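Asker: Chains A and B supply the protein sequences, listed in that same order. Counting from 1, one number per residue, gives the positions in the first sequence under this note's numbering. Counting from 1, one number per residue, gives the positions in the second sequence under this note's numbering.
Please keep in mind that the hints were generated in silico from the structure rather than gathered at the bench. One thing to keep in mind: the hints can contain errors.
What the hints assert, rightly or not - Cross-link-like lysine-lysine pairs, in silico, DSSO-like; alpha carbons within 30 Å at most:
#, chain 1, residue 1, chain 2, residue 2
1, A, K119, B, K62
2, A, K32, A, K66
3, B, K52, A, K136
4, A, K32, B, K38
If you're wondering where the values come from, they're calculated on a predicted model, not measured in any experiment.
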Amino acid sequence: MKLETRQFGEIEVDETTLITFPEGIPGFEDLKQYTILEEGDGVFYYLQSIEEGSIAFPIINPYLIKPDYAPSISEHYFQKLGGGESSEFTLFLVTTLREDVMASTINLQAPLLIHTERKRGVQAIVEGEMYHSKHKVVDLLQERGK
Amino acid sequence: MLALTRKKDEAIVINGNIKIQILDIIDGKVKLGIEAPKEVTIHREEVYLEIKDSNKGSIISKKEMAEQFAALIRKEK
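Taking the hints into account, I'd like the entire structure generated from these sequences.
Answerer: Rendered as structure tokens:
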């Protein structure tokens, strides 16, 4: 299928790659269908809405920026996607990009949890003090470098 | 909004399958116990609003910013 996007112009989306977020994500509860677009060499991705071409969220692989990322995700989020071993799921973090790239932030508190085979996802909200919604990328890079 | 008055240990039932009980009331703080089916998501309101705001601020506005960001992560790797 063809999709008109604001950021990437008209793109061809392979329908087998569609991911359903049955509840949408907070703030976008009505948008349930997404695809993941890869930017460059797998450092960076976009969660692109199918229903609303102008909406795409920049997302990253958590372990690239936070190798010891270990959120305690409540079992009920796994159950929402049909359950299974943790190896069946993929995590992504939503980023907020700034003109000053170092000031960009990453939401470690609400990872996207996706069941890879079933292509179903949910944005989990992690309880606890350790992770919050706006970790500065500069701090995370510094920590990673240690 | 429906307003109900409850005492400690009393509860309300929503939809026949969600029970919210007043476990304790101390110093103006109310401790709630919630029993709900596992597909029901429950959050403190401020946490949910924060994630909502964060998501709204995250929508990509310029592709160049993403490219810079990716370059930064790659460089520091």
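Asker: Hint by hint, say whether it matches the structure.
Answerer: Evaluated hints:
1. A/K119 with B/K62: holds (27 Å)
2. A/K32 with A/K66: holds (28 Å)
3. B/K52 with A/K136: Distance ~18 Å between B/K52 and A/K136 Cα, so the pair holds.
4. A/K32 with B/K38: Roughly 20 Å between the alpha carbons, so the hint for A/K32 and B/K38 holds.
Taken one by one, the earlier hints all hold for this structure without exception.
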